[in-house]
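**Student:** Below are the chains, spelled out letter by letter.
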Amino acid sequence: MSRPTRRYHAEKAVAALLLLAGTIFSFGGYRYGLGSMRHWGAGAFPFVCGLALIVLSVVCLCSAAKGREAGTGSVWRGMGAIAAGMAGFAAIIGSWGLLPATFLLASLSGIGTGKLKVRHILALAASLCLLMYLLFVILLRLPLPIFRGTYG
Amino acid sequence: MKFKHWIVASTMSLVVGGLTASAAHAQHYPQRPVTIVVPFAPGGSTDALARIVAEGLSNELGQRVVVANRPGAGGNIGMTAVANARPDGYTLVLVSSSLVINPSLYGSVSYDPVESFAPISYVASAPSIWVANAGIGVESAQEMLERMASGEMPYYGSPGIGTAQHLAGELLAHYADISLEHVPYNGAGPAVAGMVAGDVPSGFSSLPGVQSQIDDGLLTPLAITTLQRSEQLPEVPTFDEIGLEGYEVDHLQGLLAPSDTPEEIVGIIHDALVEFMNSAETSSRIAGLGFVPVVSTPREFAEQIAEQVEKWSEIIGAAGISVQ
Amino acid sequence: MDNLLASLALGAGTALALSNVLYCFLGVMAGTFIGVLPGIGPLAAISMLLPITFYLEPAAAIIMLAGVYYGAEYGGSITSILLNLPGTTSSAVTCLDGYPLSQQGRASMALFMTAMASFLGSTVGILAMILFSPLLARFALDFGPWEYFSVMLLGLICAAVIASGSAIKGLMMVALGLLLGTVGTDVNSGTLRYTFGMYELFDGIDLIVLAMGLFGIAEVFFVLRHPADPKAGVARVSLREMLPHRSEMRRSPAPVLRGSILGSLVGALPGTGQTVAAYLSYALEKLVSRRPEKFGSGAIEGIMAPESANNAAAQTAFIPTLVLGIPGSATMALILGALMIHGISPGSALMNENSELFWGLIMSFWVGNVLLLVLNVPLIRIWVAMLGIRREILHVAIVCFICVGVYTVNHSPLDILFVLAFGIVGYAFKLAGFQPAPLLVGFILGPMMEEQLRRAMLLSGGDLGRFIERPISATVLAIALALTLLLMGRQLVALRSRKTNG
Numbered sequence: 001m002s003r004p005t006r007r008y009h010a011e012k013a014v015a016a017l018l019l020l021a022g023t024i025f026s027f028g029g030y031r032y033g034l035g036s037m038r039h040w041g042a043g044a045f046p047f048v049c050g051l052a053l054i055v056l057s058v059v060c061l062c063s064a065a066k067g068r069e070a071g072t073g074s075v076w077r078g079m080g081a082i083a084a085g086m087a088g089f090a091a092i093i094g095s096w097g098l099l100p101a102t103f104l105l106a107s108l109s110g111i112g113t114g115k116l117k118v119r120h121i122l123a124l125a126a127s128l129c130l131l132m133y134l135l136f137v138i139l140l141r142l143p144l145p146i147f148r149g150t151y152g
Numbered sequence: 001m002k003f004k005h006w007i008v009a010s011t012m013s014l015v016v017g018g019l020t021a022s023a024a025h026a027q028h029y030p031q032r033p034v035t036i037v038v039p040f041a042p043g044g045s046t047d048a049l050a051r052i053v054a055e056g057l058s059n060e061l062g063q064r065v066v067v068a069n070r071p072g073a074g075g076n077i078g079m080t081a082v083a084n085a086r087p088d089g090y091t092l093v094l095v096s097s098s099l100v101i102n103p104s105l106y107g108s109v110s111y112d113p114v115e116s117f118a119p120i121s122y123v124a125s126a127p128s129i130w131v132a133n134a135g136i137g138v139e140s141a142q143e144m145l146e147r148m149a150s151g152e153m154p155y156y157g158s159p160g161i162g163t164a165q166h167l168a169g170e171l172l173a174h175y176a177d178i179s180l181e182h183v184p185y186n187g188a189g190p191a192v193a194g195m196v197a198g199d200v201p202s203g204f205s206s207l208p209g210v211q212s213q214i215d216d217g218l219l220t221p222l223a224i225t226t227l228q229r230s231e232q233l234p235e236v237p238t239f240d241e242i243g244l245e246g247y248e249v250d251h252l253q254g255l256l257a258p259s260d261t262p263e264e265i266v267g268i269i270h271d272a273l274v275e276f277m278n279s280a281e282t283s284s285r286i287a288g289l290g291f292v293p294v295v296s297t298p299r300e301f302a303e304q305i306a307e308q309v310e311k312w313s314e315i316i317g318a319a320g321i322s323v324q
Numbered sequence: 001m002d003n004l005l006a007s008l009a010l011g012a013g014t015a016l017a018l019s020n021v022l023y024c025f026l027g028v029m030a031g032t033f034i035g036v037l038p039g040i041g042p043l044a045a046i047s048m049l050l051p052i053t054f055y056l057e058p059a060a061a062i063i064m065l066a067g068v069y070y071g072a073e074y075g076g077s078i079t080s081i082l083l084n085l086p087g088t089t090s091s092a093v094t095c096l097d098g099y100p101l102s103q104q105g106r107a108s109m110a111l112f113m114t115a116m117a118s119f120l121g122s123t124v125g126i127l128a129m130i131l132f133s134p135l136l137a138r139f140a141l142d143f144g145p146w147e148y149f150s151v152m153l154l155g156l157i158c159a160a161v162i163a164s165g166s167a168i169k170g171l172m173m174v175a176l177g178l179l180l181g182t183v184g185t186d187v188n189s190g191t192l193r194y195t196f197g198m199y200e201l202f203d204g205i206d207l208i209v210l211a212m213g214l215f216g217i218a219e220v221f222f223v224l225r226h227p228a229d230p231k232a233g234v235a236r237v238s239l240r241e242m243l244p245h246r247s248e249m250r251r252s253p254a255p256v257l258r259g260s261i262l263g264s265l266v267g268a269l270p271g272t273g274q275t276v277a278a279y280l281s282y283a284l285e286k287l288v289s290r291r292p293e294k295f296g297s298g299a300i301e302g303i304m305a306p307e308s309a310n311n312a313a314a315q316t317a318f319i320p321t322l323v324l325g326i327p328g329s330a331t332m333a334l335i336l337g338a339l340m341i342h343g344i345s346p347g348s349a350l351m352n353e354n355s356e357l358f359w360g361l362i363m364s365f366w367v368g369n370v371l372l373l374v375l376n377v378p379l380i381r382i383w384v385a386m387l388g389i390r391r392e393i394l395h396v397a398i399v400c401f402i403c404v405g406v407y408t409v410n411h412s413p414l415d416i417l418f419v420l421a422f423g424i425v426g427y428a429f430k431l432a433g434f435q436p437a438p439l440l441v442g443f444i445l446g447p448m449m450e451e452q453l454r455r456a457m458l459l460s461g462g463d464l465g466r467f468i469e470r471p472i473s474a475t476v477l478a479i480a481l482a483l484t485l486l487l488m489g490r491q492l493v494a495l496r497s498r499k500t501n502g
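Listed in order, the protein sequences are those of chains A, B and C.
This note's numbering numbers the first residue of the first sequence as 1 and each following residue consecutively.
This note's numbering numbers the first residue of the second sequence as 1 and each following residue consecutively.
This note's numbering numbers the first residue of the third sequence as 1 and each following residue consecutively.
Any given hint could be a false lead.
Unchecked claim - Calculated pairs, SDA-like style, for lysine to any residue (alpha carbon to alpha carbon, straight line, at most 20 Å):
#: 1; chain 1: A; residue 1: Lys115; chain 2: A; residue 2: Ala84
#: 2; chain 1: B; residue 1: Lys311; chain 2: B; residue 2: Ala176
#: 3; chain 1: C; residue 1: Lys430; chain 2: A; residue 2: Arg7
#: 4; chain 1: C; residue 1: Lys430; chain 2: A; residue 2: Leu19
#: 5; chain 1: A; residue 1: Lys115; chain 2: C; residue 2: Arg225
#: 6; chain 1: A; residue 1: Lys117; chain 2: A; residue 2: Ala81
#: 7; chain 1: A; residue 1: Lys115; chain 2: C; residue 2: Ile393
#: 8; chain 1: C; residue 1: Lys294; chain 2: C; residue 2: Ala254
#: 9; chain 1: C; residue 1: Lys430; chain 2: A; residue 2: His9
#: 10; chain 1: A; residue 1: Lys115; chain 2: C; residue 2: Ile398
#: 11; chain 1: A; residue 1: Lys12; chain 2: C; residue 2: Gly433
#: 12; chain 1: C; residue 1: Lys430; chain 2: A; residue 2: Arg77
#: 13; chain 1: C; residue 1: Lys430; chain 2: C; residue 2: Ala254
#: 14; chain 1: B; residue 1: Lys311; chain 2: B; residue 2: Asp240
Calculated directly from the structure, the hints in this document are not laboratory data.
Could you put together the complete structure from these sequences and hints?
**Tutor:** What follows is the structure, encoded as structure tokens:
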């Protein structure tokens, strides 16, 4: 299946995003102060680069060509699951430790791929936990809590 | 009536139980690995010092002592983390002088250098040294001061804004009443590189950072920032001696625990620290990093901290430096 | 010359002592391993190994730590080629042509050739150290902020060269990288820029976080869209498969030579580093090549040059450290610290009084590189076998390794969220045809360039003329100007031919 305009949309979106970024940085740069030739202000460099980015983004927006881009499937589900996994990892690793966080991350990511059976996902998550433990805690002796505050 | 007795009895037993539990806890301390937090990225001298200390404490306490780096915000992230950690003696922090400098430098920080911590001991002190590029032909501090006062070479390099070396330079400007232009670098290595290359005519650095360059004749030592002369460079005068009386900048490194850590545990760690710091091997390793090994009692250390916070607050205020 | 041979013999004696060889072996193995793992890098590894070295002889200690340092350059390219995920930032450039090769089923060839390139690059770097240390040290001292700025400017222009495809998009990525690099505390004034009150951003966006998000997570997301490509996973691993085609063999020596020399020069400058060397050499190859359009889809020059460059730079980085006592990077500072903990001072004291250690160290570099080659070539089969693992499993594993690896650096959960954010953004970029590599160049070079520029302006009192008065700076700027004109010229020609054709 060929979707003729997906890349075009993406290009426009990204260019618009970068235009916005350039504006924010330039604005901020101006506020931090441009300084003098001898004492360049903290904002001088970002101001100039921001302007450059604005100009380039405008050019890009105007010249974005409609292209053909082949791609299948919706990625939202996969991305969402992986994103949830990573957010979950970040949320619980501090308090629950490495192993629960890794298990959560691996399980959600596995679900996100959409192609693995549940029992395979659980097995994969468990073995990754073991691998992380062996590698980072045992081999590298890193101070990571593995479960609720206990260390290797 | 009975109810009241019951309340009192149970409360008392809880209190007594709690006391004995913490005492018992202290008796068995440490029961699991201890973490020393270093509020800087690995590779710096405070980090290397922490690893030496961790190694030594491991041997003395019989438990693994590991170093965890929590860098960021000039040390504030790591120090805040430990200030808020559980006061059970299993999380400690090795700080540099940023503990006493940052509160004034940053305007506001999330910890109180005096209230948030239970000091254990001073571990090392470090002088800074004022050096000049050998190529500019200056032989002494007085000569350099004259040249600077005449506006000829007002630049001095430092490893960064808010570092002890930067503040040493500001203090110099303050005491000598001359106006200087600070050239900040991104770390000690680049700062020394700049001085050796002659991009800046002079600068401040920690002692070991420039020892070999002085020996090789690339840099000329001008003055030491502590009140005593350095053992490694006994011919170099102190700032105090050359006419700036009372000038002192000492980069302190010390070990602290979160406040409310039981005194017995602080005592155990302190004694272990003193024990291993007394060995000649440890001294030479620490000296290799350019520090002067020091120990002190928790109380002495606490007093030092309070003093230095005061002092830096004045200097930073007067010089008008801030990070915001 | 006699003196030199005598020194080398002395060094060989130390380097080949059995215990030193053992520690060298341990160091390079650990280094390769660390280079492969995302997140944790040679700096963290060397810090952790530091206390262990207290109980060793100084020679063994430094030999081992140095082994970790240059060993990591070998490991970093492995994941770049196989997974489009740079293990070390200096291997980010290797992704550009290494990954396409891997997707064409030629992963083992790519891995073999990068191992060779790394070895040859290191050898040239070591030769440079042996023959030219004092000269290169003086050369490094001639570089002031004006020169550094000019080199970085040249590097930025090269970034535009690196991007395949639309030049505008490449430049936009560079500009964004430059801007992202300004986030954090400003070195020159202490002002906090674009931190929005977040403590964690005081020191800027972490390079590892950016790289893992843009390259790693974005890639995982991107591949979710596309069904498995049957050719990519299957890679036969006989010895024949590891060898390149004859035409590729012919096109290999020149890039290696150019890359090694460039890397040796750049590495000797404290304040640039392997990553800059790798980028510059890739750009150089693309510029002098007769078929620049092949770059980005598996050109052999695209992996040989940067890999030789970054290994050569890793070796010559020891020159300012050992000869002048000036460490060029945080990792070098740590190795210097290790030296001093063992009571050894760098500089002429090291070369004259401790010459056994000095030359022993240099010879051990060569021993280490031989060991690395001997170890890594047989391992290729194992690495490539990894590609045979079912895609989905591999991707879950990658996500886990990235998250855990990044967490070990700062113990900050916010970092993980940043990685995710960059991953989503990176995915959007890929979808829209923007490449991440120029962004990384801008991000790395930007802050360095700004710092040097402002320092130069401060020291010259606001006088721009100084840039042209100083010979090295003037030369580099002239090259940069010529390059810009050349690139603009090429664009005009391309535009004109497009007009006449369609």
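**Student:** Please work out if Lys12 of chain A and Gly433 of chain C have their alpha carbons no farther apart than 20 Å.
**Tutor:** 11 Å, holds
**Student:** Given the hinted pair Lys115 of chain A and Ala84 of chain A, is their alpha-carbon gap at most 20 Å?
**Tutor:** Holds, because 18 Å separates the two Cα atoms, which is no more than 20 Å.
**Student:** Is it true that the CA of Lys430 of chain C sits at most 20 Å from the CA of Ala254 of chain C?
**Tutor:** 32 Å, violated
**Student:** Are the Cα atoms of Lys311 of chain B and Ala176 of chain B separated by 20 Å or less?
**Tutor:** 18 Å, holds
**Student:** Is Lys430 of chain C close enough to Arg77 of chain A, meaning Cα to Cα at most 20 Å?
**Tutor:** Given that 20 Å is the threshold and the Cα spacing comes to 18 Å, the pair holds.
**Student:** Quickly compare the C-alpha distance for Lys115 of chain A and Ile393 of chain C to 20 Å and report which way the hint goes.
**Tutor:** 10 Å, holds
**Student:** Does Leu19 of chain A sit within 20 Å of Lys430 of chain C, going by the straight-line distance between their CA atoms?
**Tutor:** 17 Å, holds
**Student:** Could you grab the alpha-carbon distance between Lys430 of chain C and Arg7 of chain A and see if it respects the 20 Å cut-off?
**Tutor:** 10 Å, holds
**Student:** Does the alpha-carbon distance linking Lys115 of chain A and Ile398 of chain C stay inside the 20 Å limit?
**Tutor:** Roughly 16 Å between the alpha carbons, so the hint for Lys115 of chain A and Ile398 of chain C holds.
**Student:** Within a Cα-Cα threshold of 20 Å, do Lys294 of chain C and Ala254 of chain C meet the stated pairing?
**Tutor:** With Cα atoms ~17 Å apart, Lys294 of chain C and Ala254 of chain C stay inside 20 Å; holds.
**Student:** Decide if the proposed pair is consistent with the structure: Lys430 of chain C and His9 of chain A, CA atoms, cutoff 20 Å inclusive.
**Tutor:** OK: Lys430 of chain C and His9 of chain A at ~13 Å, within 20 Å.
**Student:** Straight-line Cα separation of Lys117 of chain A and Ala81 of chain A no greater than 20 Å?
**Tutor:** 15 Å, holds
In terms of the numbered hints stated before, the structure departs from hint 13 and from no other.
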